[in-house]
Amino acid sequence: MRVSEIAMVTPKTVMECLMYLSNRGQDARLLAGGTDAIVQMKEKVGRPKIWINIGKLDELRFIREVGNEIHIGSLSTHTELANSKLIRSRASVLAEAAERVGATQIRNMGTIGGNIATASPAGDTLPALYVLDAELELQSFAKKRRIKIADFFLGPRRTLLQNDEIITKIIIKPMQENEIGIFEKLGPRRAQAISIVNVAIKLSMGSKARQCLAGKIAFGSVAPTIVRASKCEAMLTLGLLTDQHIEDIGKVAWREVSPISDIRASAIYRKDMAGALLIRGLYRLMKRWEDQ
Amino acid sequence: MPEINFTVNGRSVSVNTYPAKTLLDVLREDLDLTGSKECCGKGECGSCSVIVGDEVVCSCLILVGQIEGEEIQTVEGVGSLEQLDPLQVAFLECGATQCGYCTPGIIVAVKAYLEKLNRIPTQDEIKEALAGNLCRCTGYVKIIEAVAKAAKQQFV
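Sequence order for the protein chains is A and B.
Going by our numbering, the first residue of the first sequence is number 1, and it counts up by one from there.
Going by our numbering, the first residue of the second sequence is number 1001, and it counts up by one from there.
Bear in mind the hints are in silico, worked out from the structure with no lab data behind them.
Quick caveat, the model's predicted, so the values are computed rather than measured.
Hints are supplied without guarantee of correctness; some may be wrong.
Stated by the list, open to error - In silico BS3-like pairs for lysine-lysine, Cα to Cα no more than 25 Å straight-line: (1) 44/A - 1149/B; (2) 1142/B - 56/A; (3) 208/A - 287/A; (4) 42/A - 1116/B; (5) 1116/B - 85/A; (6) 1149/B - 1116/B; (7) 44/A - 1021/B; (8) 1116/B - 1142/B; (9) 56/A - 1127/B; (10) 1042/B - 56/A; (11) 173/A - 231/A; (12) 1042/B - 49/A; (13) 85/A - 1149/B; (14) 1021/B - 42/A; (15) 1021/B - 12/A; (16) 1021/B - 49/A.
Chain A with its partners taken away, still in its complex shape (with noise of 0.2 Å):
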């Protein structure tokens, strides 16, 4: 297939969008953002015989509060999270992610529902998404069904949706008075480096200095797809989190992942890196959390 043989149709709404995906889901491919899919297209990994246009559907570009929820149409934009106010008060951890992703240029393209659907193990905003309970809204012509994020990936670039489906919204749960969240990032510089391990964490912190009450870590790259760090996080309410603590919730990270050497990095530096990222974030989050 040469690039100057793919026809393009543009969809004016989604249902319009959902009927040409029932019928020719097979040959076509959803553009976002574009960041991910032509550069796939350049490189002759990611062909369809039609694009289905879907940047200008604006009817799946919003954030907004709904009753103790957090809606996030699958159309916007890593800038548009960034700046949200909501998003910045209620959920911080993934605006800090969002921010993180890419530089200018690629914030301002790159879409949420694209960097969910792209399924890289080194996705920024998918380790903020799984600490906020995200679940994803998939609909098809026929049926709408909301999933777990953490149901949707099978592995790297392979996910649970469907030919037929497109992810309409990604919802959330925001964060509450006593919860703190992190993203923290690892990368050759700090703009426009995919993540050699990334993090996010998110802590509901009790009256007593330092106590934690519960929390969620979840790292990213380090796994096929993200994977929570369940026994650290069991760790955070063994005591409170003192800098000792910490450094012992850190020494354990490397057992919760299982990464492999790649060309941006050996598995042996990221189990290092998985441990010394938590540990900075955790530092972080308690620094915050005692200057607020």
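Assemble the complex: chain A is given as a structure, and chain B must be docked to it using the hints.
What follows is chain B alone, placed relative to chain A:
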């Protein structure tokens, strides 16, 4: 081949081409606007930066079929030979260009950035705003100086 209509630097254009051609290739080959450059071709270097609407994006990762009806601004739309944009003057005065390959992308990225600001940015903010634009000649000191100078002129 479909006809695609959009606006470039305030001028309405229509091109007949295949929809999966990149905006960058259309600008350079069909519209003879060769200011925007291709370097990495995958969104890492920023030399193809253009403004779509009011946001800076990589034109090498946008297909022309996606920009039907949009307003595009390229480096050719920033100032003119007779009347340079203050930003371009600042780049000249600071010597913020060497081989010039990255310069159009940087000018466009800074233009979009300064237009959304209402105050003088700090050094770190300028660095962050230009993190998506690589220069391999000489470093960034003079580029950052030039942006700070242009920003001061804009807001004082």
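Given the hint that residue 1042/B pairs with residue 56/A, test it: the Cα-Cα distance must not exceed 25 Å.
holds (22 Å)
Inset, instruction - Assess, step by step, whether the Cα of residue 1116/B is no farther than 25 Å from the Cα of residue 85/A, and give holds or violated. - result: holds (17 Å)
*For the pair we were handed, residue 1021/B and residue 12/A, check the Cα-Cα distance against 25 Å.*
holds (21 Å)
**Message:** Just to be careful, I want the Cα atoms of residue 56/A and residue 1127/B compared with a cutoff of 25 Å; is the pair within it?
**Reply:** violated (31 Å)
### Query
Are the Cα atoms of residue 1021/B and residue 42/A separated by 25 Å or less?
Cα-Cα ~11 Å, so holds.
_residue 1149/B and residue 1116/B were given as a pair; does the straight-line alpha-carbon distance stay at or below 25 Å?_
holds (17 Å)
* Asked: Given the proposed pairing of residue 1021/B with residue 49/A, does the C-alpha separation stay at or below 25 Å?
  -> holds (14 Å)
Query raised in the report: Is residue 1042/B close enough to residue 49/A, meaning Cα to Cα at most 25 Å?
Result: Measuring from Cα to Cα gives roughly 21 Å; hence the hint holds.
Check whether the Cα positions of residue 1116/B and residue 1142/B lie no farther apart than 25 Å. Roughly 22 Å between the alpha carbons, so the hint for residue 1116/B and residue 1142/B holds.
Next on the checklist: Against the 25 Å threshold, does the CA-CA distance of residue 44/A and residue 1149/B hold or violate the hint?
Outcome noted: violated (44 Å)
Hinted pair residue 44/A and residue 1021/B, Cα distance within 25 Å: holds (14 Å)
Next on the checklist: Against the 25 Å threshold, does the CA-CA distance of residue 42/A and residue 1116/B hold or violate the hint?
Outcome noted: Violated, because 32 Å separates the two Cα atoms, which is more than 25 Å.
Hint violations for this structure: numbers 1, 2, 4, 9 and 13, all remaining hints satisfied.
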